[in-house]
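Enquirer: Chains A and B are the protein sequences, given in the same order.
All letters in the first sequence, in the order written, are residues 1 to 164 by this note's numbering.
All letters in the second sequence, in the order written, are residues 1001 to 1593 by this note's numbering.
Hints may contain errors.
[Unchecked claim] Cβ-to-Cβ under 10 Å is the rule here; a few derived chain A residues that face chain B: (1) Leu-22; (2) Leu-23; (3) Gln-24; (4) Phe-30; (5) Ser-50; (6) Leu-70; (7) Arg-73; (8) Cys-75; (9) Cys-80; (10) Glu-90; (11) Glu-93; (12) Ile-117; (13) Lys-143; (14) Glu-152; (15) Glu-156.
[Stated by the list, open to error] Reference listing, derived: stretches of chain A covered by chain B, where coverage requires no fewer than 3 residues with Cβ under 8 Å from a Cβ of chain B: (16) 51 to 64; (17) 105 to 116; (18) 120 to 128; (19) 131 to 138.
None of these hints come from the bench; they were simulated from the model.
Cβ coordinates follow ideal geometry from the N, Cα and C atoms, glycine included.
Listed here are the chains, written in short residue letters.
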Amino acid sequence: MSDNFSFQLWRYEGEPGELIPLLQSAQNHFGYIPRRAIRYISGVTGIPESDIYGVITFYSQFRLRPTGKLHIRACDGTACHVSGSRLIIETIEDELGISVGDTTEDGLFTLHTVACIGCCSLAPVIMINDETHGNLNPASLRKLLRKIRRREERTEVTASSHGR
Amino acid sequence: MKKVVVGMGTCGMSAGAQAVYDKLQDLAAGTPGACELTISGCIGMCYAEPMVEIREDGSRVFYGNVTPQRAEEIFRSHVQDDEPLTEDEIVYLEKADGTVGGTEAAFLAQQQRIVLRNCGTINPESIEDYENAGGYRGLRKALLEMTPEGIIQEMKDSGLRGRGGAGFPTGLKWSFTAGHEADRKYVVCNADEGDPGAFMDRSVLEGDPHAVLEGMIICGRAVGSDFGYIYCRAEYPLAVRRLNMAIDAAREKGYLGENILESGFNFDVKIRQGAGAFVCGEETALFASIEGKRGMPRIRPPFPAEKGLWQKPTNNNNVETFANVAWIIDRGAAAYASFGTEKSKGTKVFALAGKTAHGGLVEVPMGTTINDLVFKIGGGIKKGGTFKAVQMGGPSGGCIPAALGDTPVDFENIPATGAIMGSGGMVVLDESTCMVEMARFFLEFTQSESCGKCTFCRIGTLRMFEILERIVNGEGQPDDIDKLSSLGGQIKEASLCGLGQTAPNPVLTTLRYYLDEYRAHIEDKSCPAGVCTALVDFHIDPEKCTGCGLCAKNCPVQAISGEPKKVYVIDNSICTKCNRCVTSCSFDAVYKR
Ligand SMILES: Cc1cc2nc3c(=O)[nH]c(=O)nc-3n(C[C@H](O)[C@H](O)[C@H](O)COP(=O)(O)O)c2cc1C
Ligand code: SF4
Ligand code: SF4
Ligand code: SF4
Ligand code: FES
Ligand code: FES
């Protein structure tokens, strides 16, 4: 893994200001920013680990904990908010038995909220990994989540060699 | 040959454009020579996505809400047999002679598209398409026929004002950066689009990325800079992808790089992705973020024109501002200034969303009224609701009530209402929106996005949020309204950057126009809109309830009783208002009042 990661660091040209792009590639690679990535970046850039930590915690995009396999981002932007996004978020919490920011015990779902995904006319909207789902209501949402869970359980059985 | 165009912006994709495109690709592959299949950005009719357009000999026919099955129908009938579907299935059509029609023609009729001139028309991934539409003509003129001073004069004459929110005159801003000598200067494009409910910049970047690049290059020439950054919001992966493609293509064609168009002028750009911090839309915070630091605003002066990015003179403009530039240089300042009002020239793009019947992206001359936007273009309110207010400017702005619907939208009249022009987010609200809760929502947002540098912004917004929180929870105190307005005034006074200076706006405007709603929450412990859970009772609509019993099963305190297949009833003396019955009913039968 770390070999792949240093390959990403090829793009580091010693230019100041590359810290955030580096953290972004680390997160793309690991799904979050692990301690060892911070140590590594500090080594190549010469920026103290404490400063890097300060930058990570400033930006909401960066995560210090791993996410589940499926990352749900429920939109709570203005348009979604007035179209009932609170209800959508509560329904996800209820269906999955977790709160915003948490991951389900089986490591399948992580729930976060975001402010606007940019397709407000489909409000309320959620994203599951890179897929957007719009015009939701509690019933269609529960159906969607159950469908995904069933699909995942099936692939789990057939691809148990995958080791996750 | 017919051209079949599928709208592939984020919005179209979310609505299912990829499946439609794949279907058409299969069909087109099966009948070689029948048509040319291509993509476009979005025309702005988000509510009708996915959209498919058939283009032939100067005529354009748009179909809306297309499913893969419908795509096949359209392909067989319109493309293969030359039989367009019936008029009522066509959302918009433009004949070669200029006449227009279609069920949704009204949506486009009042629009004046300068920024969106190519959105939904050209393939944003093809530089040739952009050139054929007149692209890079402005750049050629700027580099080969004009002096930097001439370009700045033209921008001043056009009357263009910054579209990022503050409305600062663009030509004047450019002249400041041009006036500072330095070994290096920067051009920055602010594509952070932080307003949570706005998507103008995203659509422009996805639908016409070259227009933004061309504007930046012209700006570089005018201010004497050879390097630019585009700071793009993290949530816009498609925009970043298209921008990267555009940059590569422009470099290859000699519009970017060294000695552009043999003029001796060099310019290049780099994209930086934001990492999710609203305050980074503020320009000095944005510079800090590009420099790899925490995005904290700093005191001005020195202004960016003197010391901006890496302490060098920097000119920062918004995406939409840049997208206007090439058009102005190409067509002339007078053409641009012929649109708009006396002090607000040109057009403005708005993202219509919320309870509007026709959510989407629209561009209108400055001075168009709110009512025209909401009713003539937006088609009124969804599901027959009543228009209550528009929210403009997001967390920095405010709610303008329906009674002020004839207010012209421009940099003079909107601020007079207490709201701000903002970058173009316009969220339409109906009677189901609680204004107090709305204010609470925005304060929660700004409170969590405050960078923490100024005490009033950091702690003051938290105190305001707490007061609003207790009001919506039915624990409001008689002097809360006074506390909110005095605290709001103090935060505006004592904050360093625009975030804190405008954070109280959503509260102050709702206090101004909806004081009775605040009073109802505080004095009568009731929420007129039926939104604030603590102040309402739960009921089951007998018309909708099917008697499935799911709500009763889910109620943690057994407050719901009934028999299978009969209407269930909630006992509000037991109910703890947990909301589980609402989230568990599949028939939308539980309501609050
Ligand atoms: C908290 C805050 C957020 C902002 N967000 C944005 C933004 O997302 N996009 C933008 O163009 N300008 C934003 N601005 C305004 C910029 O600071 C700056 O005024 C603007 O980019 C200048 O461009 P213009 O002259 O072309 O409007 C924001 C300002 C503040 C205070
Ligand atoms: S006003 Fe708020 S966001 Fe702006 S610098 Fe001060 S604390 Fe930071
Ligand atoms: S869940 Fe809905 S439909 Fe079923 S009994 Fe309750 S209110 Fe009626
Ligand atoms: S809101 Fe909660 S406690 Fe009240 S009836 Fe519904 S499920 Fe029961
Ligand atoms: S507010 Fe949810 S997508 Fe814009
Ligand atoms: S259809 Fe393009 S932004 Fe909505």
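Enquirer: Residue count check for the region 105 to 116 of chain A against chain B: does it reach three with CB-CB under 8 Å?
Expert: With 3 residues in contact (Cβ-Cβ under 8 Å with chain B), the coverage given for the region 105 to 116 of chain A holds.
Enquirer: Close enough to count: is the Cβ of Cys-75/A nearer than 10 Å to one in chain B?
Expert: holds (8 Å)
Enquirer: A closest beta-carbon separation below 10 Å is what the hint needs, so does Ser-50/A meet it against chain B?
Expert: Check failed: Cβ of Ser-50/A comes no nearer than 12 Å to chain B, outside 10 Å.
Enquirer: Does the closest beta carbon of chain B sit nearer than 10 Å to the beta carbon of Cys-80/A?
Expert: Holds. Min distance 8 Å.
Enquirer: Mind checking the CB of Glu-152/A against every CB in chain B and telling me if the closest is under 10 Å?
Expert: violated (22 Å)
Enquirer: Holds or violated: the hint that Gln-24/A contacts chain B, with Cβ atoms closer than 10 Å.
Expert: Since the shortest Cβ distance to chain B is 6 Å, the answer is holds.
Enquirer: Taking the closest Cβ pair, is Leu-22/A under 10 Å from chain B?
Expert: OK, holds: Leu-22/A within 10 Å of chain B, min 9 Å.
Enquirer: Regarding the hint that Leu-23/A lies at the interface with chain B, is the smallest CB-CB distance below 10 Å?
Expert: Interface hint status for Leu-23/A: holds (7 Å vs cutoff 10 Å).
Enquirer: Against chain B, run the beta carbon of Glu-156/A and see if the smallest gap drops under 10 Å.
Expert: violated (26 Å)
Enquirer: The hint names Ile-117/A as touching chain B; please verify it with the least Cβ-Cβ distance against 10 Å.
Expert: holds (6 Å)
Enquirer: Grab the minimum C-beta distance from Arg-73/A to chain B and call the hint holds if it beats 10 Å, violated otherwise.
Expert: holds (9 Å)
Enquirer: How about Lys-143/A: closest beta carbon in chain B under 10 Å, or not?
Expert: holds (9 Å)
Comparing the model with each earlier hint shows violations of hints 4, 5, 6, 14, 15; every other hint is respected.
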